[in-house]
Structures are given as structure tokens and as C-alpha cells.
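Novice: For the record, in the sequence shown the residue sitting at position 228 is 255 according to our numbering, with numbers rising by one throughout.
Some clues are possibly wrong.
As the list claims (entries may be wrong) - Using 25 Å as the maximum straight-line C-alpha spacing, the simulated BS3-like pairs for lysine-lysine come out as follows:
1) K152 to K350
2) K331 to K350
3) K350 to K193
4) K313 to K290
5) K331 to K193
6) K313 to K280
7) K290 to K280
Stated by the list, open to error - Label pairs and their calculated CB-CB ranges:
8) T233 to L161: 20 to 30 Å
9) A247 to R172: 35 to 45 Å
10) E163 to V309: 23 to 33 Å
11) A360 to T233: 23 to 33 Å
12) A287 to A360: 24 to 34 Å
13) S265 to G191: 39 to 49 Å
14) G175 to E269: 16 to 26 Å
15) R190 to E269: 43 to 53 Å
16) F234 to N188: 21 to 31 Å
17) S186 to E163: 43 to 53 Å
In short, the hints are calculated from the structure, not lab data. By construction, the Cβ of each residue, glycine as well, lies at the ideal position given by its N, Cα and C atoms.
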Amino acid sequence: MRKAALALFGAVSFGLFALPPNRLVFPISPEPVYERMARPTPGAAAQAAAMVSAATSTLAASPAATSTLAASPAATSTQGFAASPGTSTAQGPGVLVAGLQVRPFSVDDFENRALVLAWHTFLGKPQFDTDFTLAEFAAQLDAIRALGYSFPTVDDFLSGNIRGRKNVIVTIDDGNHSVPAAIRQVLLPRGIIPTLFVYPAVLGTTFFSMTDTQLAAFVAEGIPAGAHGYHHLRVTESLYRESPREFMDEIFKSKARAEALSKSSILAYAYPYGALSPRTEVELAKAGFAAAFAVRPGFVFADKRLDELYDLPRLVVLRSAWKDILALLARNAAGGADGDAGADQAPGDSSR
């Protein structure tokens, strides 16, 4: 039912994530990015789907329950249903079916959302599509803020602390040596807290990366870290077949080492190159990750019933697509149902 609700949310949109024909983008990964619609969802998401299925089956078989639903305008006027453990009395709109409290989605459930953006390096090398100068980065953030956006963190998202539709979550991938200057000179003076997705194999061991000491210092100051693989390999079924150990290292060793380096708990994962598989999602849940970010268009929501927690949407900020990303943010800021999402392509829908 969650997917049906999200499909309807997209169906009533006016192409928030649409691109002009000459602005189509493509993944750089040579293998297809994981097909999302034909897979099981692990963990709580699968449990919720099963609960909804059981509840709706009971509704179909129960005239009494159907009558109760028909008598509830709040229940019948909404876009979908989600189930949670209930008691013998209903709390709020909805109906009680087979011991489950069935509560309809409301407009507010879709309103409280954020767009997650991913930056990479700040070296001032315009020949690289993912690179920006510090001045360009500052101008991008100022332009986003001028549209009325707030900047919650990944931790805010995980705790459900997202209010309204004008929210951008700033993430930075890979731990390049240019990142500390971006944090000190651009982000912190603006009161913006990024999440740093790092792959531990390079931290403090290569000339192009920040050091493990820098990472630990930032985390101690309240800047969260996330995992981005161990060697930044594509955690796909192909990798698992070729090397199960490397596949598991990209998940379990990545988490353990990132936690040791940052001296913090690591709950969020960003897929290297945006590549994933059903097995990856299952193993991430086993490893103790609470969420994982892919590279695809869409919002994350305060209401976790609306999120695919191990396949969350995120856009890569590209030099070639920045104007389109800003236009996307402007359309979303402009309003409500006229700016809702759900198309298949977006600026920055490019795996890195």
C-alpha cells in the first residue's frame, strides 16, 4: 500500500523531477543499476508491507470492517494505508483490523520531506563534473537558502525530525582532502551540518584523502559520519559472485572501521556508484545500518512508512546539472501538489 500511495503521489505531480530532452543524464556504472520495483524490501519495510497486506485482505473478507471503513471519511479520502500494532480501540482516523491499527496517509505525511544532495570535492578543477570551488559551493548553498530551505541532517531524517517540504540534506562523499576547508570555510559559518560518507581504506593513507584524525575531530564537533563502502566497490550481485569476502567487507568491515576511526556509531550507508542489489539491502540490515542512500530522484520523508530505507533517493550535484537542480528546488519550494515528485529522471541522477 505504501508503494500505491507513493505512485499516486507521483501521478498527481507536474513533473518536479522531469528534465528537458537535452538534459538526460546516465549512470557511469557499466552495469545496470539495480531494478527497484521487483525486489523484496528487508527489515521493517517488509514487515509493514506484510501487515498492510494482511489488513487489506481482512478488510475484503469482513463486511463489518468494510462498513466501518466506508463510514470513515478520513479513512476513505486518503491516498493509502499503513498498519501498526494496535489495541482494541482506534486512535485517530482509520479502522482496527485483525489487531492492527490501520491509519490512512494524510497530506502532511507527504509534506514533511527533504531532498538529499551529494557533493564530492572542492578543488577548483572545472574539468571534473563533481568538483567546485569553495566560492561556487558557497553560492550554491546561498541560492538554496534564498529559496527558503532549511538544512536538516541525516540524523534529523533518521529521527523523523523533518518539517515542511523545503528541506535539503547536505552530504559529502569520499572524504577528499578538500572537504575540511569546505566545512570550516563554507558550511559551518552558515550553520549547515553535512554528513560525511567515507570509505575507510583511503582515510589517512592516501594523498587525496582527509585523515582519520580530521574525521574524528569533525564527528566530535557534531558532524555525523556515514559509511561509503570499504574500498568503494559496487556492492552488487556481481561482486558477491566474484568475491563474497570483498562484498561483505564493503558492508561489515566498512561499518566497523568507520566506527573505529570516527569514534561514533555509524547508522547510514551511501552506495558507491549508487549500485545495489537485494542481497546488499539484506546484509546492510544485518550489519546494523538503519538506512542506505542510492542515487535516484525522489524525496525522503519524516514518516518512515513512505521511505524505502535501504534504497533512499539522493541526487549527485554535478557542475553540468546545477542549474537544473536549482530549478528543481525552486519548483518544490513553489508549492504543494503542484510541485510533487515521481518521474524517472532528475538532474544529478548520476552515480558516483
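Novice: Assess, step by step, whether the Cα of K313 is no farther than 25 Å from the Cα of K290, and give holds or violated.
Specialist: Holds. K313 to K290 sits at ~21 Å (cutoff 25 Å).
Novice: Given the proposed pairing of K350 with K193, does the C-alpha separation stay at or below 25 Å?
Specialist: Distance ~18 Å between K350 and K193 Cα, so the pair holds.
Novice: Measuring from beta carbon to beta carbon, are R190 and E269 in 43 to 53 Å?
Specialist: 45 Å, holds
Novice: Could you grab the alpha-carbon distance between K152 and K350 and see if it respects the 25 Å cut-off?
Specialist: Satisfied, since the Cα-Cα distance of roughly 18 Å is no more than 25 Å.
Novice: When you take the CB atoms of S186 and E163, is the distance between them in 43 to 53 Å?
Specialist: At roughly 31 Å between Cβ atoms, E163 and S186 fall outside 43 to 53 Å, so the hint is violated.
Novice: If you check the beta carbons of F234 and N188, does the distance land in 21 to 31 Å?
Specialist: At 38 Å between Cβs, range violated.
Novice: Kindly confirm whether 24 to 34 Å is satisfied by the beta carbon distance between A287 and A360.
Specialist: 40 Å, violated
Novice: Given the hint that K290 pairs with K280, test it: the Cα-Cα distance must not exceed 25 Å.
Specialist: With a Cα-Cα distance of about 15 Å, the restraint between K290 and K280 holds, given a limit of 25 Å.
Novice: Within 20 to 30 Å: is that where the Cβ-Cβ distance between T233 and L161 falls?
Specialist: 22 Å, holds
Novice: Lying within 35 to 45 Å: is that true of the beta-carbon distance A247 to R172?
Specialist: 26 Å, violated
Novice: So the hint says 16 to 26 Å: do the beta-carbon atoms of G175 and E269 match that?
Specialist: 47 Å, violated
Novice: Given the proposed pairing of K313 with K280, does the C-alpha separation stay at or below 25 Å?
Specialist: Cα-Cα ~13 Å, so holds.
Hints 2, 9, 10, 11, 12, 14, 16 and 17 from the list above are not met by this structure, while the remaining hints are.
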